[in-house]
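Spelled out from the first residue to the last, the chains are:
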Amino acid sequence: MPLVEIEGLRVSFRQYGGTVDAVRHVSFSVNEGESVGIVGESGSGKSVSCAALLRLLPATAEVAATKLRLDGVDVLKANKEDLARLRGRSAAMIFQDPMTAFDPVFTIGHQIAETIEAHRKIGKREALAEAEQLLLRVEIKNAADVLGYYPHQLSGGMLQRAMIAMALSCRPKILIADEPTTALDVTIQAQILQLIKKVQAEFGMALIMITHDLGVIAETVDRVVVMYGGEIMEEGPVTDIFEAPKHTYTKALLASLHSRFEPSKGDPDAVAPALELRGLAKSYHTRRRSGFRVIQGEFQAVQAVDVVLPRNRIVAIVGESGSGKTTTGLMAMRLTEPSKGQILVDGTDISALDAAALIPFRKRMQIVFQDSYSALDPMMTLTQIIAEPLHIHGMGTQREQREKALKWLERVGLNRSFAGRYPHELSGGQRQRVAIARALILEPTVLVADEPTSALDVTVKAQIINLLKDLQAELGLSILFISHDLSTVKSLTDSVVVMYRGRVVEEAPTERLFADPRHPYTRALLDAIPATNPREKRLRTFLSSEEIGARTPRYTVIQTGSAPSAHPQLVTVAPGHRVEAIVTT
Amino acid sequence: MLAHILRRILSVAFTFIVVSIIIFLMMHSVPGGPFDANDMPVSEAVRARMMAQWGLDQPLHVQYLNYMWGVLHLDFGVPFQSPGETVVQLISRAWVPSLILGGSGVLIGAPLGILLGMAAALNRNSWIDYVASTVATLGLTIPVFVTSMLLILIFAVWLNWLPASGWPQPNRWILPIACYAAIPLATYARYTRSAVLDTLNRPFVTVLRAKGLSERRIIFQHVMRNSAIPLVTVFLPMFIGTATGSIFVEAMFRVPGLGAYFVSSIEVRDYTLQMALMLLITFMYCLAYLLSDIAYALLNPRIRVGGAE
Numbered sequence: 001m002p003l004v005e006i007e008g009l010r011v012s013f014r015q016y017g018g019t020v021d022a023v024r025h026v027s028f029s030v031n032e033g034e035s036v037g038i039v040g041e042s043g044s045g046k047s048v049s050c051a052a053l054l055r056l057l058p059a060t061a062e063v064a065a066t067k068l069r070l071d072g073v074d075v076l077k078a079n080k081e082d083l084a085r086l087r088g089r090s091a092a093m094i095f096q097d098p099m100t101a102f103d104p105v106f107t108i109g110h111q112i113a114e115t116i117e118a119h120r121k122i123g124k125r126e127a128l129a130e131a132e133q134l135l136l137r138v139e140i141k142n143a144a145d146v147l148g149y150y151p152h153q154l155s156g157g158m159l160q161r162a163m164i165a166m167a168l169s170c171r172p173k174i175l176i177a178d179e180p181t182t183a184l185d186v187t188i189q190a191q192i193l194q195l196i197k198k199v200q201a202e203f204g205m206a207l208i209m210i211t212h213d214l215g216v217i218a219e220t221v222d223r224v225v226v227m228y229g230g231e232i233m234e235e236g237p238v239t240d241i242f243e244a245p246k247h248t249y250t251k252a253l254l255a256s257l258h259s260r261f262e263p264s265k266g267d268p269d270a271v272a273p274a275l276e277l278r279g280l281a282k283s284y285h286t287r288r289r290s291g292f293r294v295i296q297g298e299f300q301a302v303q304a305v306d307v308v309l310p311r312n313r314i315v316a317i318v319g320e321s322g323s324g325k326t327t328t329g330l331m332a333m334r335l336t337e338p339s340k341g342q343i344l345v346d347g348t349d350i351s352a353l354d355a356a357a358l359i360p361f362r363k364r365m366q367i368v369f370q371d372s373y374s375a376l377d378p379m380m381t382l383t384q385i386i387a388e389p390l391h392i393h394g395m396g397t398q399r400e401q402r403e404k405a406l407k408w409l410e411r412v413g414l415n416r417s418f419a420g421r422y423p424h425e426l427s428g429g430q431r432q433r434v435a436i437a438r439a440l441i442l443e444p445t446v447l448v449a450d451e452p453t454s455a456l457d458v459t460v461k462a463q464i465i466n467l468l469k470d471l472q473a474e475l476g477l478s479i480l481f482i483s484h485d486l487s488t489v490k491s492l493t494d495s496v497v498v499m500y501r502g503r504v505v506e507e508a509p510t511e512r513l514f515a516d517p518r519h520p521y522t523r524a525l526l527d528a529i530p531a532t533n534p535r536e537k538r539l540r541t542f543l544s545s546e547e548i549g550a551r552t553p554r555y556t557v558i559q560t561g562s563a564p565s566a567h568p569q570l571v572t573v574a575p576g577h578r579v580e581a582i583v584t585t
Numbered sequence: 001m002l003a004h005i006l007r008r009i010l011s012v013a014f015t016f017i018v019v020s021i022i023i024f025l026m027m028h029s030v031p032g033g034p035f036d037a038n039d040m041p042v043s044e045a046v047r048a049r050m051m052a053q054w055g056l057d058q059p060l061h062v063q064y065l066n067y068m069w070g071v072l073h074l075d076f077g078v079p080f081q082s083p084g085e086t087v088v089q090l091i092s093r094a095w096v097p098s099l100i101l102g103g104s105g106v107l108i109g110a111p112l113g114i115l116l117g118m119a120a121a122l123n124r125n126s127w128i129d130y131v132a133s134t135v136a137t138l139g140l141t142i143p144v145f146v147t148s149m150l151l152i153l154i155f156a157v158w159l160n161w162l163p164a165s166g167w168p169q170p171n172r173w174i175l176p177i178a179c180y181a182a183i184p185l186a187t188y189a190r191y192t193r194s195a196v197l198d199t200l201n202r203p204f205v206t207v208l209r210a211k212g213l214s215e216r217r218i219i220f221q222h223v224m225r226n227s228a229i230p231l232v233t234v235f236l237p238m239f240i241g242t243a244t245g246s247i248f249v250e251a252m253f254r255v256p257g258l259g260a261y262f263v264s265s266i267e268v269r270d271y272t273l274q275m276a277l278m279l280l281i282t283f284m285y286c287l288a289y290l291l292s293d294i295a296y297a298l299l300n301p302r303i304r305v306g307g308a309e
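Chains as they are written, first to last, in the UniProt record's numbering: chain A, 1 to 585; chain B, 1 to 309.
Okay, chain A solo, but in the shape it has when bound:
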């Protein structure tokens, strides 16, 4: 008998003025030890289906099914005791954001131990001892210390490990992972996926992997359920789905995974690059209290970065959170004041200009942010939002401004009928289109795009990337594309700058960087990209983060000869390819 049986599941939410179906006609089953992936975009009903399985939905949800069984128990008829047994013991869950998944006022040890105590008759002391063992099994080295830590004292990756330990605490038969790596950096994501696969094998559990990321699916599961708009589009073995997708939505998903690479046509005649950053650095003063003493310090967010953005090109800055990539982008726009260095726009240094002198340059440089919702004023209509830059720079009469805004609305692929709408009436992708229209209406030469597609679903992401590409070619734009998503970078940009802890560690034309990465960090980053083909599912060695860290050299060593130095420096290894290395003779 299958471990999970779902047949004809329907979930609807009561709202003012009726009910809305979130999930319809969903049927699938999971056998013991099997790995099943559920893939779909936000709102496709993938999380709701699994929450229904554990009756975790809010009271406003109405759940109906011809069959909804977990571990032999009819979930819809389960009483309190049945539910307590199902949750945690039959099935355990791990969630997307480990930072908010733990109660902030209790220690990690307490929260794991209380799970054990809830399901077994066991003393606090033994429960804590078991918690320590579990933490060791998820490769947390200082398990005894971590028991006494509060959630805010741990990093996201460590917390997700602790969350996995907590899920394992009652030896569940099935592990439900709801986007377990979405909130994490790429390199951490790879480690967590490995860990999930490892513990699944060790504990002999079944796995349901809920994700929007086909790469995660290819890496982890045997069978895939594709969901769209609350319904199952297709279902099958992972290789079939990747190699012979039947449904158009699945095909669109896969297409976004294998997007083409076309370098943009640069402008060889141009003398000065559109944007050049020379030795741009940002440091923050820090004040730390230790008893009554205040310890002054300096935090180097960005250390003397050189970036060149040639005319009509797209350059990516990649790096994990905290690497300084966003700060660099904001400094280039002079939205954050740099501590040192120069910003050259078409050859003119704007780093020391005052507010008035900066205005003409503001027209030439625009920015698009990640979170389109908070980037658009909720009280303004789309026309007002798009026309506002014209209004600020006093360009044209009100009528002309409005007319131009409407044109741009169409240009970014939205209907004119959207003109009077407000941002909350749009989807994430549509809002990002509006943000792009607002940025480009001044016809700038430089666009800084700060993770513009990170908050979007896979298929929408592909559309926005295509839109940016088309507009770039039409307008002759130069784009500084800031991202942590290497697959997007690969399909869009001409060259890549890799940042790590505030430094540029490698820089190369895109194709070259992906083919021949030199810096250990770049290699780790590329290694961490999930496979795009389930047949390429790599057999990775199961190393802990510390072990990987210990084995990876911090720098490459290059023998060039002329000027050896003990300090790492950027070395040119090929035309346009620079890497941070220690130079020896």
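One or more of the hints may lead you astray.
[What the hints assert, rightly or not] Straight line, CA to CA, 20 Å or less: simulated EDC-like cross-link-like pairs of lysine to aspartate or glutamate:
1. A:Lys77 - B:Glu215
2. A:Lys80 - B:Glu215
3. A:Lys197 - A:Asp213
4. A:Lys121 - B:Glu215
5. A:Lys124 - A:Asp145
I should point out that these hints are in silico values taken from the structure, not numbers from a laboratory.
We have chain A; now place chain B onto it with these hints.
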């Protein structure tokens, strides 16, 4: 943690001193004085002698230091209204009724408000929730003198269950206490409801459910503990505000409490009592915020344990 507390104490002490200076200067900037011609028709020589005797001819900062030196020894002088006793004696006599009535009001009202707020949050959009919202709105919007009149009208005049006013028999305390309880009850009902709802919507509550914890444990251990963090900071300042007496409530129920003296000491230019009362209130609030800060730090591991590794 200890350093954190000591730093808070220093900053609160500084606040107290600054406020005391401001109060002292304000008292002096008010035109007129105790030996003004129309208040006290005495000759110029006598006035000068009296000014010298009370130290009022000295520069302002010397007067302030003299005064604060007395304050440190709990010597606030003699109230002009009743020269037979010291200010300290008067306050310790008059504060008792205010403390009993106001204090009980908060101690009864706050827990009831917390219960009501929790019940409302856990049964959202049910009749309990609507009752709680109504009670909270009424409690916060109807002024105390209206509440007290209504209470007197209903329980003393119509039903004739309780005496309308007076002191000191305990059955006369009931109505003013009920009056005092209204505001903490309403405030806490509102705060608790929103704090609990806020916590219930946080992702970790779903995680706790998915772990198979009982609903009771989730509510009473996790949700309560998290919701309590914003609630403790409100409690002490509210306690001080109520337990120093309300002019209206004390007037309505003819309670010989502290409240009446706030008004009378201004009316009759009773500088010593005025200063003492204001310093007392300032001191109590300073203490309340200090204790709230410490309680907040104790409940919140982010402050207690400090930053990330």
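Hints, verified against the model:
1. Proximity of lysine 77 of chain A to glutamate 215 of chain B is assessed by CA-CA distance (about 18 Å); at most 20 Å being required, the pair is judged to hold.
2. Note on lysine 80 of chain A and glutamate 215 of chain B: the hinted pairing holds, with a Cα-Cα distance of about 9 Å set against a maximum of 20 Å.
3. The straight-line distance between the Cα atoms of lysine 197 of chain A and aspartate 213 of chain A is roughly 16 Å, inside the 20 Å bound, and the hint therefore holds.
4. In summary, the hint linking lysine 121 of chain A to glutamate 215 of chain B is supported, as the alpha carbons are separated by about 18 Å, within the 20 Å threshold.
5. Proposed proximity of lysine 124 of chain A and aspartate 145 of chain A is supported: the alpha carbons are some 17 Å apart, at most 20 Å.
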